[in-house]
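Trainee: Chains as they are written, first to last, in my numbering: chain A, 1 to 187; chain B, 188 to 488.
For the record, the hints were derived by calculation from the structure and aren't laboratory data.
One thing to keep in mind: the hints can contain errors.
Claimed, not checked - Using 27 Å as the maximum straight-line C-alpha spacing, the simulated DSS-like pairs for lysine-lysine come out as follows:
| hint | chain 1 | residue 1 | chain 2 | residue 2 |
| --- | --- | --- | --- | --- |
| 1 | B | Lys478 | A | Lys46 |
| 2 | A | Lys46 | B | Lys285 |
| 3 | A | Lys64 | B | Lys357 |
| 4 | A | Lys64 | B | Lys478 |
To be verified - If we take Cβ atoms under 7 Å as the criterion, some of the chain A residues that face chain B in the derived model are:
| hint | residue |
| --- | --- |
| 5 | Leu35 |
| 6 | Gln42 |
| 7 | Asn44 |
| 8 | Pro47 |
| 9 | Arg78 |
| 10 | Leu80 |
| 11 | Glu82 |
| 12 | Val105 |
| 13 | Leu160 |
| 14 | Asp163 |
| 15 | Ala167 |
| 16 | Ala168 |
| 17 | Val170 |
| 18 | Gln178 |
| 19 | Val179 |
| 20 | Val182 |
Just so you know, even glycine gets a beta-carbon here, dropped at the ideal spot from N, CA and C.
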Amino acid sequence: MEKNRFSALLISVSVMIGAGLAVLEAMRADGGENLSAELVAQVNGKPVRLVEYSRTLDAVASDKRDALTDADRVFVLRRLIEEELLVQAGLDDNLLTDNRSLRTVVVNVMLESILANSASSPPEEQALLAYYQSIASLSKGELQPFESLRGQIEEQLQQLQQDEAVAAYVKWLRQQAQVEFVSVSEA
Amino acid sequence: MTEAAKKKILFLGLALGFALMLVDAFSLSIRVGSEPLAAKMVGGTVTQAQLNQAITQVGLSDQGEDRQRVLDFLIDEELLILRAQSVGLLESDRTIRKALSRAVIDEQVKEAIAQAPSDKQLRLFYQDHQAMFMSGEMIHLRQLFFKKSRVSAERVLNEPESQGDSLNAKERADATRRRLLVGGDEKPLNDPLPSALPDALIPVSILHRTLGPTMAAQVKTMRPGQISEVIESGGGYSLFICQNYIEAKLRPYEAIEGEVLSEYRRRARDTALENKLRALWARADIQISEKLNIDLSALTQ
C-alpha cells in the first residue's frame with residue numbers, strides 16, 4: 001500500500017515537472033510571437049524597442065537615395081542587438097569599476113539629470129542686487145555699475161544654484177548609503 | 188540520546204553550516220577581494236589603491252585635507268554611479284550605452300594589438316594580402332567630345348524624320364575617328380569637354396567619378412595608342428585616345444613596412460571584435476518579433 005502511494009506520488013511529481021518544462025520550452029520557442037508590440041527583439045531578457053529601431057531606420061533612410069531594403073532592416077536590427085550584447089558584456093565585466101573615462105561619462109549623465117530635475121527659475125532681482133552688494137563690500141576698488149555686471153551676476157548665481165542642487169543630492173545619497181571611512185590601520 | 192535526537196542534531200548542524208556558508212559568500216561579494224578599503228557604503232567601496240591613484244593623478248598631497256578632498260570626490264563619484272545603476276540609467280541612457288559598448292570594444296582591441304607581430308608574421312601577412320599593397324593602376328586618356336546641338340524649328344519642319352544635329356555630332360565623331368586611325372589629327376571638329384577629365388595620368392580606380400560607371404568600364408582597359416569606338420552619352424558623343432598607361436605593381440615590403448603593420452593591426456582589431464560578438468551571440472537568448480516580416484536568416488550571417 002505504501003509502495004503504491006509512493007509510486008503514485010513519484011509519477012505525479014514527474015508529470016508536473018515534465019509539464020512545467022514543456023510550458024517553459026513552449027514559451028521560449030514562441031518568444032517571437034509573445035513579444036509585446038513595443039519591442040522588436042529581446043536579448044537575454046532585455047528589450048530592443050520598436051521606437052529605437054524606427055529611429056535608427058529613419059537615420060539610415062535619410063542617408064540613402066533609394067528606398068529602404070530588407071538588407072537595411074536586417075543591418076539595423078543586427079546593430080541594435082549587438083549594441084545590447086556589448087552593453088550587457090560591459091556591465092557583466094564590471095568595466096565601470098576601473099575604467100575612468102566610462103565612470104566620468106556616467107557621472108556627467110547623472111549630473112545633467114540632477115540639474116534637469118532641479119531646474120529653477122532665473123534669480124530674482126533682489127537676489128541679484130544682494131549678490132552685487134556682497135561683491136561690492138568685498139571689493140577693494142570701485143566696482144562697475146550693477147547693470148553692466150547683471151549678466152555675469154545672473155550666470156554666477158545660477159551656477160551657485162546648480163552647485164547647491166548637486167550638493168544637496170549627493171548629501172542625500174551619502175545619507176542613504178551610510179558611508180563609512182576606513183582608517184589606514186583598519187584597512 | 189535517542190536516534191531521533193541524534194538525527195535532529197545532525198540536521199540542525201548541516202543547516203547551520205549551510206547558512207554560515209551563505210553568509211560568508213555574501214560577505215565576500217561586498218568586499219573587494221583582499222584590497223584595503225578607504226571607504227565603504229551600501230553597494231560600493233572605494234579602495235586605497237583607487238584613492239592613491241587619484242591622488243597621484245591630480246598631483247595633491249596624500250595627507251590631511253588634500254587626501255580627504257580626493258576621497259570625498261571618489262565617494263561622491265561612486266554614489267552617483269551606484270544611483271545611476273539603481274535607476275536603470277546604465278542600460279537606458281544612450282550616451283552611457285554608447286560609452287559602454289565603446290569600452291568593451293576598446294578592451295578587446297587592446298588585447299588584440301598588445302602583442303606585437305613578429306617580422307615573419309608581418310611578411311606572411313604581406314604575402315597573403317598583396318592586392319592591398321599594390322601601387323595604383325594609372326591611365327592617361329584624352330577625350331574628344333562632339334556635342335548634340337538643339338535642333339532648329341525649321342529643320343524639324345523640313346526634315347521631320349531626321350534626327351537633326353545628333354546626326355551631325357555622330358558624323359563628326361565618326362569622321363574624326365577615321366582620320367585618327369590613319370594617323371591624322373582630329374581637326375577642330377570636336378567641342379569643349381563636358382567633364383573635367385584631367386589631361387594627365389590618373390588612377391583607373393577614379394575614372395568612374397568623372398566619366399560615370401558605363402563609360403569608365405569601356406575605356407579603362409585601353410592601352411597607349413588605342414582609339415576608342417564612338418561612345419554616346421546624354422549630351423553627345425565621345426572619343427578617347429589612350430596616351431599612357433602604368434600597370435599596378437606590388438610595392439616592396441621594406442618600403443611599406445609601417446603600412447603593413449598598420450593594416451595588420453587594423454585587421455587584428457576587426458577580428459577581435461568579430462570574435463567577441465560571435466561569442467556573445469552564441470551565448471545569448473535572442474528573440475525577434477515575428478511582426479518585423481523580414482528575412483531573419485541573414486541576421487546571423
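Trainee: If a hint holds in the structure, say so; if it doesn't, say that too.
Mentor: Hint check results:
Straight-line distance between C-alpha atoms of B/Lys478 and A/Lys46 comes to about 18 Å, which keeps the hinted pair within the 27 Å bound. For the suggested pair A/Lys46 and B/Lys285, the alpha carbons sit about 16 Å apart, so the restraint of at most 27 Å is met. With a C-alpha separation of about 37 Å, the suggested pair A/Lys64 and B/Lys357 falls outside the 27 Å cut-off, and the hint is violated. The hinted pair formed by A/Lys64 and B/Lys478 meets the criterion: a straight-line CA distance of about 24 Å does not exceed 27 Å.
Nearest Cβ of chain B to the Cβ of A/Leu35: about 5 Å, under the 7 Å cut. The hint holds. The closest approach between the C-beta of A/Gln42 and any C-beta of chain B is roughly 5 Å, which is under the 7 Å cut-off, so the hint is satisfied. Against a cut-off of 7 Å between C-beta atoms, the interface hint on A/Asn44 holds, since the closest Cβ of chain B lies about 5 Å away. At about 10 Å, the closest approach between the beta carbon of A/Pro47 and any beta carbon in chain B exceeds 7 Å, and the interface hint on this residue is violated.
Contact between A/Arg78 and chain B, as hinted, is supported at the beta carbon level, the nearest pair being about 6 Å apart and thus within 7 Å. A distance limit of 7 Å between C-beta atoms decides the matter here; for A/Leu80 the minimum to chain B is near 10 Å, and the interface restraint is violated. Below 7 Å, beta-carbon pairs count as interface contacts, and A/Glu82 has one with chain B at about 6 Å; its hint therefore holds. For A/Val105, the interface hint holds, the least distance from its beta-carbon to any beta-carbon of chain B being 4 Å, beneath 7 Å.
Violation of the interface hint for A/Leu160 is found here, the shortest Cβ-Cβ separation to chain B being roughly 18 Å, above the 7 Å cut-off. Evaluation of the A/Asp163 hint against chain B yields a violated restraint, the C-beta minimum of about 13 Å exceeding 7 Å. Residue-level restraint check for A/Ala167 is violated (minimum Cβ-Cβ distance to chain B is 9 Å; threshold 7 Å). With its C-beta approaching chain B no nearer than about 12 Å, A/Ala168 sits outside the 7 Å limit, and its interface hint is violated.
With a least beta-carbon distance of about 5 Å to chain B, the hint placing A/Val170 at the interface is held under the 7 Å criterion. Because the beta carbon of A/Gln178 sits about 6 Å from the nearest beta carbon in chain B, less than 7 Å, this interface hint is met. Residue-level restraint check for A/Val179 holds (minimum Cβ-Cβ distance to chain B is 5 Å; threshold 7 Å). Using the Cβ-Cβ criterion of 7 Å, the hint placing A/Val182 at the interface with chain B is satisfied: the shortest such distance is roughly 5 Å.
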